[in-house]
Amino acid sequence: MSVSKNAQTVLERRYLIRDEEGAVTETVDGMFHRVAKAIAAADLQYDREADVAALADKFYHMMTELEFLPNSPTLMNAGRPLGQLSACFVLPVADSMEDIFEAIKQAALIHKSGGGTGFSFSRLRPNGSTVNSTGGVASGPISFMRVFNMATEAVKQGGTRRGANMGILRVDHPDILSFIDCKKDNADITNFNISVGITEDFMAAVIAGGDYDLIDPSTKKVVGHQNAKLVFDKIVEGAWHNGEPGIIFLDRLNRDNVVPAQGEIESTNPCGEQPLLPYESCNLGSINLVKMLKKGEDGRYRVDYDKLKATVHAAVHFLDNVIDVNKYPIDKIDEVTKATRKIGLGVMGFADMLLYMGISYSSDEGVQMAREVMRFINEQGHLASQELAKVRGPFPLFSQSIYKDQAPLRNGTITTIAPTGTLSIIGGCSSGVEPVFAYVFIRNVMDKTELIEVNPILKERLIQRGLYSDELMRKISKEGTIAHIEEIPADIRDVFVCAHDVTPEYHVKMQSAFQEYTDNAVSKTVNFSNSATLEDVAQVYMLAYRLGCKGVTIYRDGSRDNQVLNIGKVKDGSQPAAPAAAPLPQLPTEIGPRPRPEVVTGFTERMKIGCGNLYITVNYDKDGIVEVFTNTGKAGGCPSQSEATARLTSIALRSGISVDEIIDQLKGIRCPSTIRQQGMSCTSCPDAIAKVVKKVDQFIKNGGAEGGQIIPSSSVTPPQKVKPSDQGFIERQDGYALPSHALRTCPDCGSALEHEGGCVVCRNCGFSKCG
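Residue 1 is where the sequence shown starts when you use UniProt numbering, and the numbers rise one by one after that.
For the record, the hints were derived by calculation from the structure and aren't laboratory data.
Each hint should be verified, as a subset may be incorrect.
Result set (DSS-like, lysine-lysine): computed pairs, CA atoms no more than 30 Å apart in a straight line [to be verified]: (1) 327 - 404; (2) 667 - 112; (3) 105 - 5; (4) 459 - 5; (5) 112 - 608.
Have a look at the derived ranges for each label pair, beta carbon to beta carbon [claimed, not checked]: (6) 188 - 327: 29 to 39 Å; (7) 647 - 237: 46 to 56 Å; (8) 230 - 133: 42 to 52 Å.
Bear in mind the structure is a predicted one, so any value in this text is a computation, not a measurement.
All residues carry an ideal CB built from backbone N, CA and C; glycine is no exception.
Work out the full structure, taking the sequences as your base and the hints as a guide.
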């Protein structure tokens, strides 16, 4: 088994077992053995003589060869006490205070277990409606979304995998215009992706330019009308502004509802690719298509369909076993999930597969290859499910399903195209069905040495042509694409397109091709250049509608980089800026920190935290404390979190904020890693920072009367600012140089984030916005 250094780092940070001190106690090989053994054991429920050891070896081989990987919760939790293995859940939100807060409680339990949740808020009565039981006035769905958001924020502080939510509102809900605008500010409702639930009637009205009905969900009566084109344009404007909201086509989700007698599908999971009934969950897995290639005698790569068939059948067996092994966070979810036994088998590495085959992602040939491969996977997946049904029986609601007149199926759904941001890092391939984001990264190591990381397929091709050089790779990293690098032959440039070389039309065509042969839905992001217009976005939405997609997520480069958060300032460039927020009364027009002096004096103190040591440096000059730095010991900890706290503390101190006020805000914050241990000197990293800041502040006020180790400022590296270079790339403090279109930083490691698969992912540390 061989995984990349980057994959090893991601696995150590997020997947491998740790002891109470936070030290990793599991190897990567041990993780795969743990998962394979736990999942294979489910066969004993159907055959007491089953050779589970042989099956575990089969599953282990499939995973260690990186041919197939299950979703992250399965890798993290299989064979462990928590045992929650599903990624996707949908919970109902009914129109009563009791039901709303029951949903919040259930969501908290799911997030605690490592899952993500989808909600439709369409049943909630609109803002301003009368509440008959109290005589009061309803606050509407958006106000309750904020409550869900706050609950998620509280739960995720102690989790290993962030809770993520999808919030959906039907386009015919009276509060739809407010919903479309609810995430106009990027700092608002941060734990939700949002999508508008579009109906066929609405789209017909958009095309006709007419009005459509707004319906009160509590009375089912028409309470107003809106011009469909006006609402559609408002959705487009929001997506152009910052990627929110997306859209899903509700009638299409329910056209493929396997058991319509159980109710309507109202929502999906946080990335939009898994439509589910209330209380359903789904476990996902992805086949690495790069591993499904074989090289012919002519030197050309082709799909090895025999190997792909065997992998599909093994993967369906694996995922069906997960349903039985899974420890569900709520009994109702256990019951409903096993009634339909939905699984979601998808792919990753599709773009890399095309590169090996010499096919451009942005071509009709590439779209046709997507159609052929996914048709084969879907057909074989259904055959594998039929074979399981012969031994284990069909899913319990089969007789009520749309398949009741066909051969029995073990699983209500079989295929899904999920984002595979973290899994594709482990698998060493491109993410999901997305094009390659960038072909060259430059990493700066501690001694200022540059390490050039190149897509291995491009590197192989350039070496074959005698074109590879470090100088050329640096040029590619600065350009962000090879499309305009004349030193590279046109036939290579035509094939090796990156996400921003692919036209929006081909993004949608590719999504549509996969959707044609996918039971559930396809998670994908349509990437736009910063110069894209509102009309460009509108055309993509209409194309997705015409080509049969079940939903669309778009992202326009730079649309979240410099939002209008500073009053009176607008974005650079020719695009119109979003309207500025109304100025707050009696505030200075600009608040900024005083400059850092050239020479400072300071203390460094080692603080014992729950996961090791935290070294805190506090520097000061004649006017008081000027900056705070943190450094974690070898045992780990939360370096990005403590660094962020230290940076904000430094800025606040130099901006004239009271030291006592800062200490009050930081002290007493609690971290689970400290709660579990006795004799701790602090309750968290922020609390530790507060204690050292207080000690240094007291030292200064006492004229240096208290003891302490004074260190020279030369031993401390001042904070580095991230600035775009003239060549169009970003050199970050963490050592990465990336194309400027990638600018948006990971909250865990500070690297640039990528918008792909309907989600946001860090290719450096494996962080995913969607959990």
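Structure-based check of all given hints:
1. Straight-line distance between C-alpha atoms of residue 327 and residue 404 comes to about 29 Å, which keeps the hinted pair within the 30 Å bound.
2. Pair hint residue 667 plus residue 112 holds up; C-alpha atoms about 25 Å apart against a cutoff of 30 Å.
3. Between residue 105 and residue 5, the direct Cα distance comes to roughly 39 Å. Violation of the 30 Å bound is thereby established for this hinted pair.
4. At most 30 Å may separate the alpha-carbon atoms for a hinted pair to count; residue 459 and residue 5 meet this at roughly 18 Å.
5. For the suggested pair residue 112 and residue 608, the alpha carbons sit about 26 Å apart, so the restraint of at most 30 Å is met.
6. At about 35 Å, the CB distance of residue 188 to residue 327 agrees with the hint of 29 to 39 Å.
7. At roughly 34 Å, the beta-carbon separation of residue 647 and residue 237 lies outside the given 46 to 56 Å, and the hint is violated.
8. A C-beta distance of roughly 35 Å is found between residue 230 and residue 133, which places it outside the suggested range of 42 to 52 Å.
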